[in-house]
Structure formats: structure tokens, C-alpha cells
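Chains as they are written, first to last, in the UniProt record's numbering: chain A, 1 to 160; chain B, 1 to 455; chain C, 1 to 264.
Among the hints, a few may not be true.
[Stated by the list, open to error] Derived coverage of chain A by chain B (criterion: at least 3 residues anywhere in the stretch with Cβ under 8 Å from a Cβ of chain B; other residues may be distant):
#	segment
1	40-49
2	53-64
3	105-112
4	149-157
The set of hints was computed from the structure by calculation and includes no laboratory data.
Keep in mind the model is a prediction, meaning the values are calculated, not measured.
Beta carbons: idealized from backbone N, C-alpha and C, even for Gly.
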Amino acid sequence: MAKVPVEFTLNGLETAEFVESGTTLLNALRDKIGDTSPKGGCHQGTCGACSVIIDGELRLSCLTLAETCGGADIKTTAGLAEGGVLHPLQRAFLDAFATQCGFCTPGMIMAAKVLLDRTPNPSREDVVEALSGNICRCTGYEPIIQAVLTAARANSQNAA
Amino acid sequence: MELRKDYFADVRKDGLHEIGQPRPRLDSPGHVTGKTAYFADRNFPGMLHLKMVRSPHHHARIRSIDTSEAEKHPGVVRVLTARDVPHNVYTILILIQIGPEDETVLADGKVRWKGEAVVAVLAETERAAQEAAAKVKVDYEVLPAVFDMEEAVKPGAPLVNEYHGQNYYLYDSGECRKVRFGDVEAGFAQADHILEQSYQSSPIEHAPTETTGCVVAPEGNDRFTCYTNTQAMFFTLDNTSIILQMPGSKLHFVGGTVGGGFGGKVDVIVEPIAILGAKLTGRPVSFVYSREEEMQISSPRAAEKVVIKDGVMRDGRIVARKVTGYTDAGAYSRHSPYGAQKGAAHYPGPYTIPNVWIDTYCVYTNRTPSSAMRGFGVTIGDFALEVQMDKLARLIGMDPLEFRFVNAYRDGDMKAHRQPTEGAALIECMQEASRAANWPVAEKYMAMSSYRKGA
Amino acid sequence: MSLALQTFSTVKDANAALQAAGTRYLGGGTLVIRAANEGDVSVSSLVRVTDPGLSRIAVSGGKVQLGASVTMAAIARHPELVALAPAARAVGGPAIRNMATVGGNLFAPAPYGDFAVALLALDATVVTEDGELPIETFLAGRDVGRAIVTGVGFALPKAESFRFLKVSRVKPKGVSVLSIAALLELAADGTVSSARIALGCMADRPIRATPAEKALLGCKLTPREIAPALAAAGEGIAPITDPIASAWYRAEVLPVHLGRLLLG
Numbered sequence: 001m002a003k004v005p006v007e008f009t010l011n012g013l014e015t016a017e018f019v020e021s022g023t024t025l026l027n028a029l030r031d032k033i034g035d036t037s038p039k040g041g042c043h044q045g046t047c048g049a050c051s052v053i054i055d056g057e058l059r060l061s062c063l064t065l066a067e068t069c070g071g072a073d074i075k076t077t078a079g080l081a082e083g084g085v086l087h088p089l090q091r092a093f094l095d096a097f098a099t100q101c102g103f104c105t106p107g108m109i110m111a112a113k114v115l116l117d118r119t120p121n122p123s124r125e126d127v128v129e130a131l132s133g134n135i136c137r138c139t140g141y142e143p144i145i146q147a148v149l150t151a152a153r154a155n156s157q158n159a160a
Numbered sequence: 001m002e003l004r005k006d007y008f009a010d011v012r013k014d015g016l017h018e019i020g021q022p023r024p025r026l027d028s029p030g031h032v033t034g035k036t037a038y039f040a041d042r043n044f045p046g047m048l049h050l051k052m053v054r055s056p057h058h059h060a061r062i063r064s065i066d067t068s069e070a071e072k073h074p075g076v077v078r079v080l081t082a083r084d085v086p087h088n089v090y091t092i093l094i095l096i097q098i099g100p101e102d103e104t105v106l107a108d109g110k111v112r113w114k115g116e117a118v119v120a121v122l123a124e125t126e127r128a129a130q131e132a133a134a135k136v137k138v139d140y141e142v143l144p145a146v147f148d149m150e151e152a153v154k155p156g157a158p159l160v161n162e163y164h165g166q167n168y169y170l171y172d173s174g175e176c177r178k179v180r181f182g183d184v185e186a187g188f189a190q191a192d193h194i195l196e197q198s199y200q201s202s203p204i205e206h207a208p209t210e211t212t213g214c215v216v217a218p219e220g221n222d223r224f225t226c227y228t229n230t231q232a233m234f235f236t237l238d239n240t241s242i243i244l245q246m247p248g249s250k251l252h253f254v255g256g257t258v259g260g261g262f263g264g265k266v267d268v269i270v271e272p273i274a275i276l277g278a279k280l281t282g283r284p285v286s287f288v289y290s291r292e293e294e295m296q297i298s299s300p301r302a303a304e305k306v307v308i309k310d311g312v313m314r315d316g317r318i319v320a321r322k323v324t325g326y327t328d329a330g331a332y333s334r335h336s337p338y339g340a341q342k343g344a345a346h347y348p349g350p351y352t353i354p355n356v357w358i359d360t361y362c363v364y365t366n367r368t369p370s371s372a373m374r375g376f377g378v379t380i381g382d383f384a385l386e387v388q389m390d391k392l393a394r395l396i397g398m399d400p401l402e403f404r405f406v407n408a409y410r411d412g413d414m415k416a417h418r419q420p421t422e423g424a425a426l427i428e429c430m431q432e433a434s435r436a437a438n439w440p441v442a443e444k445y446m447a448m449s450s451y452r453k454g455a
Numbered sequence: 001m002s003l004a005l006q007t008f009s010t011v012k013d014a015n016a017a018l019q020a021a022g023t024r025y026l027g028g029g030t031l032v033i034r035a036a037n038e039g040d041v042s043v044s045s046l047v048r049v050t051d052p053g054l055s056r057i058a059v060s061g062g063k064v065q066l067g068a069s070v071t072m073a074a075i076a077r078h079p080e081l082v083a084l085a086p087a088a089r090a091v092g093g094p095a096i097r098n099m100a101t102v103g104g105n106l107f108a109p110a111p112y113g114d115f116a117v118a119l120l121a122l123d124a125t126v127v128t129e130d131g132e133l134p135i136e137t138f139l140a141g142r143d144v145g146r147a148i149v150t151g152v153g154f155a156l157p158k159a160e161s162f163r164f165l166k167v168s169r170v171k172p173k174g175v176s177v178l179s180i181a182a183l184l185e186l187a188a189d190g191t192v193s194s195a196r197i198a199l200g201c202m203a204d205r206p207i208r209a210t211p212a213e214k215a216l217l218g219c220k221l222t223p224r225e226i227a228p229a230l231a232a233a234g235e236g237i238a239p240i241t242d243p244i245a246s247a248w249y250r251a252e253v254l255p256v257h258l259g260r261l262l263l264g
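All chains should be built: construct the whole structure from the sequences, respecting the hints.
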């Protein structure tokens with residue numbers, strides 16, 4: 001089977017790997033590179049558990065081929081905490097009981113991060129829309145929505 | 001959150017330190033950093049991927065299975081059929097002495113539902129396993145199928161599962177679980193009104209975000225580590241041990257981290273065959289349901305039909321209740337005989353009724369085997385009972401909440417299945433609900449108590 | 001055989017490679033990678049084109065040209081395509097909209113393909129290597145056509161003349177029970193002078209509601225006057241049955257939602 005080289009920046013680190021042609025970014029990250037924070041929930045683009053940020057945009061790594069990501073800047077939840085300090089979103093998810101089984105959490109945090117990067121003071125409707133591609137079967141969503149709103153407030157207080 | 005300590009204050013030592021306090025979840029830091037290790041986060045060099053060839057028919061005899069083309073497919077390491085399974089019988093509740101030996105791990109001679117596992121293909125990549133699975137040839141003789149519980153129990157219906165000999169589970173009490181309390185016919189004769197209604201539900205899929213699966217790694221000493229998202233670790237251990245005819249000491253299960261279960265991961269389906277694959281190939285094996293398999297193959301909550309006949313007096317007292325419950329097990333028992341039995345114990349609901357007759361049937365059909373899900377055997381029954389309670393209240397022109405106060409069980413009342421009621425708090429819950437929902441009831445109900453009979 | 005990707009800089013070269021058996025075109029990946037992930041082994045080879053022209057949006061002189069690789073997100077945020085934003089936003093969640101393309105949506109089987117419903121109402125032209133086709137002709141032959149779609153063109157509708165509605169059971173994002181797009185011209189007296197209505201989920205691909213369009217001509221948009229059009233909405237439909245809704249349900253609610261769209 002033909003192996004193809006892929007090179008991209010993953011959470012700020014230069015990353016290079018050989019993958020079989022046709023390998024999804026999700027499988028490359030998890031099985032080859034060892035970043036298991038994106039989860040495979042449906043492999044259909046429905047659940048959002050595999051969400052990652054590619055060049056500033058939210059994308060589904062299960063439907064993205066790794067070899068199309070050459071030169072890209074990829075961010076995952078595993079790279080969010082800096083120097084062991086949780087990102088405000090991570091802190092807020094923790095404090096607001098926004099996790100139960102935790103399987104959707106990394107994808108939710110990615111979707112929320114893209115929102116807050118562009119819309120620092122989102123409305124509740126903005127949050128609901130931003131998370132609308134991410135399924136959570138445990139929480140009923142409300143604690144997650146509250147966590148994102150809390151993180152936004154924490155961000156704006158820090159900025160002030 | 002508000003903790004109301006005035007209820008039961010005279011019968012409780014007030015030593016609550018944790019209840020009512022928010023405590024951080026121990027697993028959350030792992031969840032928010034993506035570090036929590038789910039079974040599929042384990043990856044081993046040389047890991048094989050298992051894909052299942054499944055029945056395309058609801059009911060069929062297997063004339064022959066030809067795996068020769070699949071075995072020749074590039075990347076395929078091993079193909080498994082019923083012959084390869086040491087003890088090809090699956091009985092989830094054998095550890096607690098419940099559950100007939102009515103199901104196989106891989107189909108042997110017959111398939112009884114659309115999606116039943118027939119042949120397992122182990123290959124170097126998922127893709128190779130999928131391609132090879134498409135090359136397995138199974139010659140089926142399609143048989144008539146039955147999908148409706150009431151059709152299934154009629155004479156002449158297609159026999160779903162030969163183990164049972166008829167399309168219902170035979171309890172020690174006969175064709176159904178029975179509860180007999182008082183004289184239900186005398187109760188109906190005495191009643192001012194009689195209301196008979198039937199309620200039914202469809203199967204419900206748990207749809208956890210993480211699909212069912214496991215990863216198995218040989219330890220090199222004829223012992224196997226199985227990383228699994230099972231919700232039933234010890235059922236998994238004993239069933240695997242029996243199916244593979246291996247002592248439990250050879251099986252090392254690692255689990256407890258589950259990406260959503262809701263009862264959908266208590267069946268032991270993926271682990272035995274994946275460990276068998278690892279044993280026969282000497283390689284690590286991954287068997288993970290696709291999303292489509294999770295939705296179509298994993299056990300749903302059973303479809304149920306509940307017929308409730310009540311006799312009620314004008315003053316609100318229910319004097320007789322007759323319930324006939326049907327639980328659709330699908331083609332195999334799994335947890336459903338237990339679920340139907342739970343239903344029998346659960347009726348007539350949290351109400352004290354002097355004359356009760358309950359029959360609950362566990363019925364076999366050619367549908368996906370049903371199993372556990374959040375309060376299975378009880379939840380659909382509660383829906384039916386409480387809708388029935390509202391209808392009864394309307395029938396006699398009584399407030400539906402007051403109607404429930406009249407019939408609520410209280411400490412010391414004998415329940416229909418001969419367990420005396422203790423620790424009931426229904427009266428107090430309804431009193432608080434009345435306040436919280438701003439749905440006032442007469443003062444005499446607000447003065448009632450679950451445990452002070454005079455009140 | 002594993003899944004292999006071939007990358008080309010021109011549509012012409014990719015088109016040649018696409019003629020090989022088992023080969024599919026990779027746009028945003030939301031259809032073809034999904035199929036491969038679910039075990040569709042009929043796909044063994046993928047081709048893609050990196051020509052940036054395929055991602056171009058051109059609006060001039062009241063005409064719109066959308067490259068086939070233009071994403072739903074790009075349409076939804078484009079200042080001159082405000083009229084189309086509701087249809088683009090109806091597709092998936094934010095991540096899907098960053099990936100799903102105009103070209104792919106033309107091939108999406110019901111219950112997907114909500115944006116193609118809008119394009120059908122707009123009487124779009126589909127541009128392929130083989131030439132240009134009216135969208136209805138294109139949709140009818142989409143299963144057998146082998147030429148890569150490079151873009152679509154249509155006249156930019158006035159915001160008030162174009163209406164779009166997607167009905168789903170989950171808010172804000174859910175799979176379609178149905179979708180409806182309508183391009184309506186009203187005369188000075190408020191009567192409908194032209195109507196073009198497209199339906200999603202009423203067949204395996206978007207279809208026109210031609211009997212309803214005819215019945216609407218000369219009517220004012222009042223409950224009484226549109227009643228014959230609503231009654232005609234079900235003519236010629238063959239709704240899909242899936243886990244979201246049965247064909248029966250979809251047929252029952254179609255006139256209700258068409259009425260809401262027309263009166264809203």
C-alpha cells in the first residue's frame with residue numbers, strides 16, 4: 001500500500017508522518033501521531049466528536065484526508081492547556097459540570113474555541129448555533145452552553 | 001439546588017455532609033484535556049481489525065457458508081465461523097443464574113434477525129476486512145418472519161427460536177410472570193367505573209456517542225488484556241470465560257471508562273469474538289461497531305405493549321387493577337425475561353390497590369434482540385400507568401394530583417407482590433411538587449404523611 | 001485495495017482520471033469519505049482538484065457564479081449573497097458548512113441536499129467540463145454523468161422574492177423532514193406573476209412543485225387564494241421514508257409548510 005508523507009503543524013509543533021493514502025486525519029492523529037483527543041463517534045460527520053481546528057476553521061477530522069492537510073495549522077483539545085494551565089474553556093467545562101462521559105467534550109471545546117476566537121461576547125443563540133454540529137447524549141447541553149458563556153465572561157474580564 | 005431538610009426531620013439523623021454539596025467530578029480534568037483513555041485510544045503495533053458479516057434476512061436457514069474468497073483477499077489473516085467458537089452459546093445473565101442458552105456468538109445453521117453475526121473477518125486494515133467481508137458467500141433459505149408480539153403468540157406463527165419451542169419465555173410460573181393479589185373480578189364488580197386502555201412503545205436506541213467495541217492485546221503468556229467499554233465487567237468476564245473455555249485468570253479486562261452507555265453496553269457481544277481472534281492469530285485485535293452497527297445491531301430498549309384495566313370508585317379509590325404487559329425480546333432473551341419480570345413486580349405502580357392481577361409476557365419476534373436501557377421493564381410501564389392515572393382522574397372528575405394522593409402507597413401498606421411498603425416518600429414528593437408547580441391540593445392532602453398513618 | 005487519493009491541478013486531468021472504475025470525486029468529503037468510512041468498498045480511488053478557481057464566488061450584473069468547491073460557510077458569510085444565506089446555513093453544523101461544497105450538494109441524496117433545492121428554485125445552470133446544463137436536466141442524470149461539476153450560475157434573486165424553509169425535528173441543526181425554496185414574482189396588484197418552487201425530500205433528489213406553481217399564478221398570497229396551490233403540492237411527489245419521517249408524514253405536512261412559507 002502506498003504511503004504518502006504528510007507534514008503539518010499540530011498544536012504549534014512541526015509534525016511529519018507517513019500514512020497510507022486515503023487515511024483520514026482522525027486516524028492519522030490518533031493511530032499514527034498519538035493525539036487521541038479527537039474522538040471517532042460516527043465517522044459520518046454527524047456527531048462532531050472528531051472536531052479539530054484547521055487554519056482557524058472548525059473541521060471534522062473524520063471526513064478530512066490527512067494528505068490534504070499539508071502545511072496546515074492544526075489545533076486539537078490536547079494542545080489547549082498552556083504550561084499546565086487550563087484554557088478558560090477547559091476551566092469552565094470543569095466548573096460547570098459540562099462533562100459526563102467526556103466523549104463529546106474535546107469536540108465541544110474545539111467548536112466553542114472557534115466561536116470565542118471570532119465572537120468574544122457571544123449570545124446564548126450564538127453558542128447554541130456554534131455547538132449545533134456536536135452531539136452530547138449525557139448532559140442535555142445546558143451545562144455546556146453555560147460553560148461556554150462563563151468562559152466568554154472570564155475571557156472578557158481578563159482582557160479588561 | 002435546594003435541600004429541604006424539614007421532611008422526615010423526626011425520623012432522620014441529620015448527618016448530611018456530601019449530599020447537597022457540589023463536588024468536582026474526578027474524571028473531568030481528563031475529559032477537558034482530552035487525556036481520558038477510552039478503549040479505542042489504545043493502539044498496538046500489528047493490530048488486526050475485525051468486521052462482521054451479518055444476516056441480510058430477518059429469518060433464514062443457512063444452507064452453506066463459503067469463506068474461501070474472503071480468506072484469499074489481500075490483508076486477511078483469519079476468518080471465523082461458528083465452528084471456531086469453543087462454546088458457541090451466549091447467556092448474559094448466567095452469573096446470576098438467569099437466562100436460557102438460546103443465543104450463539106456466531107450463527108450456527110440459522111439466523112433469526114436482520115443483522116445477526118454470521119462470520120468474523122480479521123484483517124490488517126479496516127478496509128481489507130470490509131472488502132473481504134463482502135466476499136463471504138452465505139447461502140440462505142429465507143423463512144417467514146414475525147415482527148408483531150400479538151401475532152407471534154398466535155397459534156401457527158413462525159417459530160422464532162427453537163430453544164423455547166414457542167414464541168414466549170417460559171417462566172417457572174408458566175407462560176408469563178404472574179402477580180395475584182385479592183380478587184380482581186370482585187373489585188371490578190364493586191367499581192363505579194371501569195377503564196381499559198392499551199399503550200405501546202417502539203424500540204429505543206441508546207445512541208451513545210462512543211460506539212460499542214474493544215481492543216484486545218495478547219500478553220504473550222496465553223493471557224489476554226481486553227480494553228473494553230462494557231458496562232458489565234463481570235458479566236463480560238464470566239461469559240467470555242465460558243464461551244472461550246478459558247479460565248478467568250487468562251482474561252484481563254480493563255474498563256470503566258465508557259463514552260456513554262445508558263444500558264446499551266451491558267451485552268457481551270464484541271469481547272469474546274475479539275479475544276478469540278487474538279488467541280487464534282496471536283495478534284492484537286480491534287472490534288469497534290460502526291455508527292450504523294451501533295444504531296441497528298446493538299440492543300435497543302424493548303418495544304412494549306401494556307394493557308391496563310382499572311376499576312375506580314367515585315371517591316377516587318382504585319379498587320382493582322389488571323395489567324397485561326408484553327415485552328418484545330426480539331429473537332433472543334438477553335435481559336428481556338428479566339425486564340418483563342421487573343415489570344410484573346413494578347405494577348401496579350406506587351399505589352395501594354386491594355385487588356391486583358398482573359401478567360407480563362416476554363415475547364420472541366424476528367426483531368433486533370432488545371436488552372437493558374435505563375429502567376427497562378419499568379419505564380414504559382410508568383408512562384402507561386401515569387397516563388392511565390390522568391385518564392381515571394378525568395373520568396371521575398377529580399384533580400389528577402389529588403387522585404394520586406388518595407391512592408399513594410404509604411409505609412406499612414402491603415404491595416401486590418407481598419412486599420410491605422417501607423421508606424415511601426411519595427406523599428412528601430407530591431406535596432413538594434404541589435408547591436413547586438403551584439398546583440394546589442386540598443389541605444387534607446398537604447397534611448398527609450407517608451409514615452404517620454394517622455396523618 | 002486501499003483507498004487512494006490522486007491530486008490534480010486542473011479539472012481536465014482529473015476528469016480523465018475519474019473515468020476509471022471505482023473512482024469518485026472528492027470535494028468537501030462529507031459524502032464520499034463518509035461512504036468509505038461506513039464500508040462502501042465500491043469506492044477505491046478518489047480524485048481532487050486544487051485549482052483555486054473552483055473556490056471563486058463572482059457576483060456582477062445581477063449574475064452569480066459559484067465555483068463547485070465554494071463552501072456553505074463561504075456563501076453564508078458573503079455580503080452579496082444574503083438572500084442565499086438561509087439555504088447555506090441550513091446545511092449541517094458549522095464544521096460541515098466549512099467543508100460541504102456547492103458541487104457536492106448537487107449530488108447529495110435526500111434527506112440531504114438542501115442547498116440544491118434552493119438552486120433548483122433559482123433555475124441555476126450547472127457547469128461541467130462537458131458544457132452547461134439546466135439544473136433540472138443535471139439532477140435527473142446525476143447518477144450517470146461522469147463529468148466534474150465546476151460551478152453553478154444563476155440570476156441573483158431579490159431578497160424579497162426568494163424564500164427558503166427547512167423543517168427538521170431538532171433545532172437549530174437537524175436533518176430535513178423537508179425543505180422548500182420558492183422564487184416568486186408579484187405583480188403590482190400583489191398577485192403572483194411567476195412562481196418557481198422546489199422541494200427537498202419529496203423524491204430521492206430535489207424536484208419542482210410544478211402543479212403548485214401553476215395553481216399559484218394570479219393568486220394573492222392569502223390563505224384563501226393559495227389553498228388550491230397547497231392542495232396541488234402533493235401531486236407528483238414520492239417522498240422518502242427514513243428514520244426522520246415516513247413518506248406519509250412528509251406528504252401530510254408538505255402543504256402546511258408550503259403555506260407557512262408563502263404566507264410568512
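Exercise. In ascending order, which of the hints set out earlier in this document are inconsistent with the structure?
Worked result: 2, 4
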